[in-house]
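Below, each chain spelled out in residue letters.
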Amino acid sequence: MVVPHFRAVVLSVTIAALFAMMGVAMQRELAPRVATSPVAVVNTEPQQKPLSAEEEAYAAALWPIHSEVVEVSAVDMSFAGIAYVTEHHDADRLAAKVMALRDRFRTAADNARSIPVPAAMGQVHDQYLEALALYETASTEMIKVAEDGKVEHLIEAQTMSQRAAEDLLKVGDVLWPGEYKPN
Amino acid sequence: MRNLVGRIALAAALAITGLAGFAVANRAAAQDQNCSVWLVESSRFMKVPMGAFMPDRAFIPGSTDQYHNINTVDLPVNVGVIKCGNELVLFDSGWKQQDYLKMTGSEHWAPLPDQLKVLGFDANNVTKIVIGHGHWDHAGQLSDFPNAVIYIQREELNGIEWALNYPNPKIAAVNTAPGGCRRTPACGYPPLTVAEIYGKVLNGKAVIVNGEAEILPGVKIHPAFRGHTAGSQLLEVPTSIGKLVFGSDTYSSWEGIRDWMAANIQQTDTVQQFLAYEKCYKITGGYQNCICAHEPLSYTDGYPITKNSWVALNGGRMAEIALAAGEKTHKPQ
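Each protein sequence line maps, in turn, to chains X and V. Just so we're aligned, residue 0 is where the first sequence starts under numbering that gives the first Met the number 0, counting upward by one. Just so we're aligned, residue 0 is where the second sequence starts under numbering that gives the first Met the number 0, counting upward by one.
Among these hints, one or two may not hold up.
Unchecked claim - The calculated lysine-lysine pairs, modelled on BS3-like cross-linking and capped at a C-alpha distance of 25 Å, are:
#	chain 1	residue 1	chain 2	residue 2
1	V	169	V	116
2	V	281	V	116
3	X	149	V	46
4	V	204	V	169
5	X	169	V	281
6	V	46	V	116
7	V	306	V	242
8	V	169	V	242
9	V	169	V	219
10	V	281	X	48
11	X	48	X	143
12	X	143	V	204
Rather than coming from a laboratory, the hints here were simulated on the basis of the structure.
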């Protein structure tokens, strides 16, 4: 006659054990997996030789164009897009703004071409002019939004601008190392 | 009669088990409002003159004064990793070292997606990135988090745009000196950083914030305009150890908050920086839970909240700051 009581106890213990097992299993499944695989170590050592006097002169001549015109216009171009998307949605206003920036890129390229280029800086110089040409093309692409209102023009232009921005940094790394300080 | 007792015992056991399960689930749900928090060192700027970082602690050779006897400091670039339920949030996103952007004098950089991986997270699962401010070393790598929505203050964008359009080119320039810009209004916002922010806007992955915003239950953005830049912002995060406030460069130095000293002056109004310090005291009840971007004592006992730390990729450090209920440690055992 003790059996029913014993059964009940066994049954309740079993149910409790099952709940506990479920809990542990769920906890294990939901726990984050901490990866332990090694990841490549990045070499951060600078490996750059100093510029010659002639190259320094080239870097100094290009600096005002770069800092006062090109970088400002490049950032301004992104802002023109941000303002269009998040504020005014006025394609004609965007086009007018970007046309002015395109002119600035063209003028900057003309001025850069007029600087004497040391032989060793030929590749850097070409890269800089290519970046300016890319910005000009991106500007032209952005302006097309005034014709058909398609945001795809902006997306394509932004991709070009981002590539051009990387090119500016590549040139900057040669001509003005340490251009960006901790901010 | 005994049969009845047995049934009652069984019913009671089931009821207790059920209630216990409900209580556990309920407790977990209640504590889900707490977030788990880690700090990741994106890189370290080495040997920065103390006076450049904290003007009131400029080095005086031979001085034994604790405020003037440190010549240089190594500044970590700290990124917050915050997990609230299924949401994975970053506070700041560091910067991206490239073969063309090596940042001479910087060490221990590693890609943020790889750093997240060793923490047990996937960069694709980052849902939100709150940018404390838009400088290049805090708003980089955005393209590496394709699914993340960024949060940036309208005031930050307005501040940059104002500077760009200022008629004096020496003030409008993004960079004013080949060796690094000198705290001018648009200094610190290179074309690549802004292009990446614009990319997020174009792809519908940006929220332009106007002042306060609650991005998740209890996770709140507070404006700290001109605390470091025009549109700097803070992030309040509820955790099991109390509320934390992330401050990016408005909270560059934890010792600065503790000792009420300005730090890392850029486009900074020091009055606003001090008011932002006060905000942390008010929200957290002190200075211990203020999370700083460049505190040299980070990952050591000297900055207690970050002391549960370890060395990870390329010598960069990480710290586990708080765990929500049910969250297991991510610290390698």
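Verification of the hints:
1. 169/V - 116/V: Since the Cα atoms of residue 169/V and residue 116/V sit roughly 43 Å apart, the hinted pair is violated (cutoff 25 Å).
2. 281/V - 116/V: violated, 35 Å
3. 149/X - 46/V: Not satisfied, since the Cα-Cα distance of roughly 49 Å exceeds 25 Å.
4. 204/V - 169/V: Given pair residue 204/V, residue 169/V is violated - Cα atoms ~33 Å apart, limit 25 Å.
5. 169/X - 281/V: The given pair, whose Cα atoms are some 45 Å apart, is violated under the 25 Å limit.
6. 46/V - 116/V: violated, 29 Å
7. 306/V - 242/V: The given pair, whose Cα atoms are some 18 Å apart, holds under the 25 Å limit.
8. 169/V - 242/V: violated, 42 Å
9. 169/V - 219/V: Outside the cut-off at roughly 37 Å; violated.
10. 281/V - 48/X: Violated, at roughly 52 Å.
11. 48/X - 143/X: violated, 44 Å
12. 143/X - 204/V: At roughly 23 Å apart (the allowed maximum being 25 Å), residue 204/V and residue 143/X satisfy the hint.
Violated hints, listed in ascending order, are 1, 2, 3, 4, 5, 6, 8, 9, 10, 11; each of the other numbered hints is respected by the structure.
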